[in-house]
Amino acid sequence: MTTAITASFAPTDLDNTGDELLREPVLVTGPATYQAVTDQVCRVTEAPRAPRAWYVAMAISLALLLLFGVLITYAIFTGVGVWGNNSPVFWGFPIINFVFWVGIAHAGTFISAILLLFRQKWRTGINRFAEATTVFAVVCAGIFPAIHVGRPWFAYWLLPYPNIMGDWPNFFSPLLWDACAVGTYATVSILFWYTGMVPDLATLRDRATGRIKPAVYGLLSLGWRGSARQWHLYERANIILAVLATALVLGVSSTVSTDMAVSQIPAWHETIFPPYFTAGAIYSGFAIVLALAIPARELFGLKDLITKRHLDNLAKLALLLGSMVLYIYLIEFVIAWYSGDPYERFAYLNYEFGPYWWLGWGILFCNGVVAQAFWFKFARQTWWIAWPVAVLCVMGMWMERFVIIIVSMHRSFLPSSWHMFVPTWIDIGTLAGSFGLFFTLFLLFCRYCPMVAVSEVKAILPQAQTRDALANERH
Amino acid sequence: MAMTQNIISPVAGAAEPTPYGLLAEFPDPQALLRAAAAIRQAGYRRWDCYSPFPIHGLDRAMRLKRSGLPWFVFGGAFTGCFAALAVAWFCNAYSYPLIFSGKPYWGLPANIPVAFPLTILFGAVTTFLALWVLAGLPRLHHPLFFSARFRRATTDGFFVTIEATDPCYDLAATTQLLRRLGAQAVEVVKDC
Numbered sequence: 001m002t003t004a005i006t007a008s009f010a011p012t013d014l015d016n017t018g019d020e021l022l023r024e025p026v027l028v029t030g031p032a033t034y035q036a037v038t039d040q041v042c043r044v045t046e047a048p049r050a051p052r053a054w055y056v057a058m059a060i061s062l063a064l065l066l067l068f069g070v071l072i073t074y075a076i077f078t079g080v081g082v083w084g085n086n087s088p089v090f091w092g093f094p095i096i097n098f099v100f101w102v103g104i105a106h107a108g109t110f111i112s113a114i115l116l117l118f119r120q121k122w123r124t125g126i127n128r129f130a131e132a133t134t135v136f137a138v139v140c141a142g143i144f145p146a147i148h149v150g151r152p153w154f155a156y157w158l159l160p161y162p163n164i165m166g167d168w169p170n171f172f173s174p175l176l177w178d179a180c181a182v183g184t185y186a187t188v189s190i191l192f193w194y195t196g197m198v199p200d201l202a203t204l205r206d207r208a209t210g211r212i213k214p215a216v217y218g219l220l221s222l223g224w225r226g227s228a229r230q231w232h233l234y235e236r237a238n239i240i241l242a243v244l245a246t247a248l249v250l251g252v253s254s255t256v257s258t259d260m261a262v263s264q265i266p267a268w269h270e271t272i273f274p275p276y277f278t279a280g281a282i283y284s285g286f287a288i289v290l291a292l293a294i295p296a297r298e299l300f301g302l303k304d305l306i307t308k309r310h311l312d313n314l315a316k317l318a319l320l321l322g323s324m325v326l327y328i329y330l331i332e333f334v335i336a337w338y339s340g341d342p343y344e345r346f347a348y349l350n351y352e353f354g355p356y357w358w359l360g361w362g363i364l365f366c367n368g369v370v371a372q373a374f375w376f377k378f379a380r381q382t383w384w385i386a387w388p389v390a391v392l393c394v395m396g397m398w399m400e401r402f403v404i405i406i407v408s409m410h411r412s413f414l415p416s417s418w419h420m421f422v423p424t425w426i427d428i429g430t431l432a433g434s435f436g437l438f439f440t441l442f443l444l445f446c447r448y449c450p451m452v453a454v455s456e457v458k459a460i461l462p463q464a465q466t467r468d469a470l471a472n473e474r475h
Numbered sequence: 001m002a003m004t005q006n007i008i009s010p011v012a013g014a015a016e017p018t019p020y021g022l023l024a025e026f027p028d029p030q031a032l033l034r035a036a037a038a039i040r041q042a043g044y045r046r047w048d049c050y051s052p053f054p055i056h057g058l059d060r061a062m063r064l065k066r067s068g069l070p071w072f073v074f075g076g077a078f079t080g081c082f083a084a085l086a087v088a089w090f091c092n093a094y095s096y097p098l099i100f101s102g103k104p105y106w107g108l109p110a111n112i113p114v115a116f117p118l119t120i121l122f123g124a125v126t127t128f129l130a131l132w133v134l135a136g137l138p139r140l141h142h143p144l145f146f147s148a149r150f151r152r153a154t155t156d157g158f159f160v161t162i163e164a165t166d167p168c169y170d171l172a173a174t175t176q177l178l179r180r181l182g183a184q185a186v187e188v189v190k191d192c
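Residue numbers (the working numbering), protein chains in the order written: chain R, 1 to 475; chain E, 1 to 192.
Quick caveat, the hints were computed from the structure, so don't treat them as lab data.
It cannot be assumed that every hint is accurate.
[Stated by the list, open to error] Subject to a maximum C-alpha distance of 30 Å in a straight line, what follows is the list of computed DSBU-like cross-link-like pairs (lysine-lysine):
id, chain 1, residue 1, chain 2, residue 2
1, R, K213, R, K303
2, R, K316, R, K213
3, R, K121, R, K308
4, R, K121, E, K65
5, R, K213, E, K190
6, R, K377, R, K308
Same shape as in the complex, but just chain E:
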């Protein structure tokens, strides 16, 4: 359980066949934010930050691209609205036209109470599914879950990981960079 000591040593690193990368812990969100800006400026590409809650400004510090999520939602909501109107038209005005209360077979206003909730239903289900697919979830395991220290990422731990596959990754130099940015602890995370 006591994995709190640094385990950075050439021997330990060599014993692990191609590690996942480096995990660095920072004391607070402010330090994480400054570190993120510096790591981005240092040219790293395959890295990420971890925190127990969303940190304001972190996406800008990391220069994250705006997600395409709203477009998926728009597509879903539009499909829902169109599908509802199309089904209503097909059923009541085309396939089996019936006169209800002397009203025309087809009327847009009377079909809004069905089109409106279906727009929302399709939009919300798309949001839900697109969120998890774009976030790379669900998944049963991840190399970071090997780290006992990382369990604090959902309580009070602020972490940066730099993956070993990053072109700029170099065990010694990257460790030094993370230390210089104020990391309290740096450890190698093994891969599955």
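So here's chain R without its partners, still in its complex pose:
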């Protein structure tokens, strides 16, 4: 029973995207027994060797991770002058990367928290996977502010601790707000992710052979038995964590946006920033989940659990959020014109016609035009269209963070203090290295953790429904 299912397994990859009235959509194509669902997910971790592509991807990621470590060490030992940051562009790549990675994190929490509260059953196929992207993206995000302060060994100065000068941090400062929001986000996403994984780790424990695996999975699964009392508590806790995480989906990027919105710089000092950053964040998150799901379901044979319908829904949500982002882009231009403020008007003209014009038009193209391809079912269903579109959306969102942060700062009020920003190769290498960290963690997760929430997928199978079983017991 515990021997790994190593025989070849051909996913059916049925088209289940059609909508029929009065019928629940099929969310598990192929053999939908409890055993088959378990086997499909556990096979990935139990196989003695990963697919060859996994080793190739791991090698590239580890090389980038090494680069990341080396460049950060170099920056810390030498000073932040190794980056392109200058006056007036005090915030260079580190803050762009921070805002970008925090945004990437948002889709996982959206899928596992908001879609849980809305009882979207399809989320079960992708929530684990998306939550993993959340956790790893927050890890990447957290590194950048820490190195950006230049002397990371003094990062504890952010905390209110008693010191001989008797002073305290300023609680009106967005820097402190950021630390609280991102620290909370990292902690809560890890707790939510791990709590969700415990029953599936128990599944892996009960199937594991050898000496080390049962012990490791046994410890990680905390002795979970799946008793009715445990499930009862577990479901309540999951709902409560979902409610708390929902507040974070809407709160974290809003707080990050106050770093800019609370200042005086033209094109920063705007009340639209919190929803603007949040919409962009969730949008970029959906794009990266889509960009990862397309190869992962292929590579690990999960096409029957992460079905075409899941990809279709992800693309539709990316389209919805992308359209919101486009709307905000347009309304910002209108408001800049309507405000009558010459600095505000100049800032937006500078976006599109200044020295960084190609980035200004680039974000309108990537986030405004390209994402609209998802109106067409053909684009959502064809991997060689959907994947490049998703990657372009992610790139577009990085460029958007660049435009907001750098292009606004490099020409603010006084022309005498205008200055161009040019990244150094260390800036670019650190950005690439952060992707190395993200993908290293993600690939390890794919190989050693249950990539799909097995217990949640089982609970939505038709044979798991118990609506009428006690019909004659109730009064």
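Position chain E against the provided structure of chain R, taking the given hints into account.
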């Protein structure tokens, strides 16, 4: 490994010093739900059901009490919110008052961005800890893990256990009850 046969016999039962209880396997969630309702009506108290996923309606069939978890969460979240506001007030308005941008020393709206995440942080950490403590976890071992059959409880097995310490527990009668409720297999689980 082949423990799939029934091992219910007076001899086997006597050989084990005070077993943990009886483990019965049911074919599907619907049967488990009906069995749970019947066992509860038969007056058993120290028993539980096991399934690879949460079964809708099982907590009602077993008449499980609503857990006190939300109250712990409320306590944690309230503590977080209050602590954040208290620290902000102490630092910026009491211990070392400083004027920032001509604003008052103390202002509730300006402190919400710190109080809000800390409310959530404390609430979530409390939820996490209270969940495992109330669920009796983590633990390294449990008598049920002696049963090879029980390893399927996390894949496709639906089980009921009735503990030997239950006042209504009687090896023969309880076995018969479980059989009558549609159990595919019943076995005695030894205690540590």
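In rising order, the numbers of the hints this structure does not comply with: Hint 2 alone not satisfied by this model.
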